[in-house]
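Enquirer: Each chain is listed here by its residues.
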Amino acid sequence: MAANTQRIEVTLETLLESVDLAESITMRIAEAAGFPDEEIHKIGMAVREGVINAYNYGNQQDRQKKILMTVELAPENMTVKVIDQGQGFELTEIPDPLAEENLLRTSGRGLFLMRAFMDEFKVERGPEGGAQLVMIKKLPHVLSDNHKHQSE
Amino acid sequence: MALQGTCRQLGEVTIIDFSGKITLGEGSATLRKTIRELAEGGQKKIVLNLSDVDYIDSSGIGELVSGFTTVRSAGGELKLLHLTKRVHDILQITRLFTVFDVQSEEGAAVRSFK
Numbered sequence: 001m002a003a004n005t006q007r008i009e010v011t012l013e014t015l016l017e018s019v020d021l022a023e024s025i026t027m028r029i030a031e032a033a034g035f036p037d038e039e040i041h042k043i044g045m046a047v048r049e050g051v052i053n054a055y056n057y058g059n060q061q062d063r064q065k066k067i068l069m070t071v072e073l074a075p076e077n078m079t080v081k082v083i084d085q086g087q088g089f090e091l092t093e094i095p096d097p098l099a100e101e102n103l104l105r106t107s108g109r110g111l112f113l114m115r116a117f118m119d120e121f122k123v124e125r126g127p128e129g130g131a132q133l134v135m136i137k138k139l140p141h142v143l144s145d146n147h148k149h150q151s152e
Numbered sequence: 001m002a003l004q005g006t007c008r009q010l011g012e013v014t015i016i017d018f019s020g021k022i023t024l025g026e027g028s029a030t031l032r033k034t035i036r037e038l039a040e041g042g043q044k045k046i047v048l049n050l051s052d053v054d055y056i057d058s059s060g061i062g063e064l065v066s067g068f069t070t071v072r073s074a075g076g077e078l079k080l081l082h083l084t085k086r087v088h089d090i091l092q093i094t095r096l097f098t099v100f101d102v103q104s105e106e107g108a109a110v111r112s113f114k
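Residue numbers (my numbering), protein chains in the order written: chain A, 1 to 152; chain B, 1 to 114.
Extracted from the complex, chain B is given alone in its bound form:
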């Protein structure tokens, strides 16, 4: 299934609910475009809700890292929420758990921003 993202606002925090696959091609491009638009729009507190993303490949991982650095370069923070087991496992074996702030509860994710 192609990746789809829906943005919603909770105070200053933008949560994007993604569903589908983050893979080479359309999925990675959708993720890149969504994060870039938010960063360019001045949004500094971003949460990616990945509860309906059960597949990510190396291209998708690269895009997550790129999104993380894009938002951070703009003075913001990007966090991950509700990882599925497969996405969790991939981030774990690639050591990206040491890079991303991964949250398992939406309220805690929102409160975790400075």
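Same shape as in the complex, but just chain A:
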């Protein structure tokens, strides 16, 4: 971790309330990092979906298990990791929610929303074998700098 990277780590109970709590913490950090309102909303929602995934599918609502969330603010981006204590999974195993045959499914859209709302999204294997969802968003000044360079 670079010296100018700030990091917080939160251990969440496998409870429904943890979903709102994780969203709220992340939105505050995104606000402090200077993201505009709509981006704060998207980051909060992506994290919400990540914790719902850990609560429902990873930890299977097992109160004995924990959800670890880390948020890192580096000079160029904000990275949120949500790690559960489940069995882990591969993204390729997940049905495409946009496929015609899946449109009427009542679940399976959370991972899609995380990917849609963040700049980068990946699923890794966590240190204890569960899923580690990694969500990265470029900081606003990076986007505006890129835009300036493109205009020059």
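No lab work stands behind these hints: they were computed from the structure.
It cannot be assumed that every hint is accurate.
Said to hold, decoys possible - Cut-off 16 Å, straight-line C-alpha distance, at most; resulting in silico cross-link-like pairs (EDC-like, lysine to aspartate or glutamate):
{"hint": "1", "chain 1": "A", "residue 1": "K42", "chain 2": "B", "residue 2": "D54"}
{"hint": "2", "chain 1": "A", "residue 1": "K138", "chain 2": "A", "residue 2": "D119"}
{"hint": "3", "chain 1": "A", "residue 1": "K42", "chain 2": "B", "residue 2": "D89"}
{"hint": "4", "chain 1": "B", "residue 1": "K21", "chain 2": "A", "residue 2": "E17"}
{"hint": "5", "chain 1": "B", "residue 1": "K85", "chain 2": "A", "residue 2": "E38"}
{"hint": "6", "chain 1": "B", "residue 1": "K21", "chain 2": "A", "residue 2": "D20"}
{"hint": "7", "chain 1": "B", "residue 1": "K85", "chain 2": "A", "residue 2": "D37"}
{"hint": "8", "chain 1": "A", "residue 1": "K138", "chain 2": "A", "residue 2": "E38"}
{"hint": "9", "chain 1": "A", "residue 1": "K66", "chain 2": "A", "residue 2": "E128"}
{"hint": "10", "chain 1": "A", "residue 1": "K81", "chain 2": "A", "residue 2": "E120"}
This structure is a prediction, so every number in the text was calculated from the model and none was measured.
With chain A's structure known, arrange chain B on it following the hints.
Expert: Relative to chain A, chain B alone:
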């Protein structure tokens, strides 16, 4: 804010004015219960007015889809009215605009039933 729904009747059409968030837990459960009760009560023309719903997550989306199929299985139709920008955007990126009949004007929504 917890989801609240108020039903009103316009002829054969039931309009439910929802306000709050449709999210995992209470919000999704309220939506499910409301639609199920209407479907079980034989109501076949249902409009969900979402003008005061500015937040929906994947659980809420799943519940909307479930409500849609529940009403359709009972021989009815469920339509959406007055989507806020955020709910509109979510339905658009999830391609659910191709599933739901989304209306922007109440009179047109009522008249659109067969």
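Enquirer: Checking against the hints above, which ones are violated?
Expert: Per hint list: zero violations.
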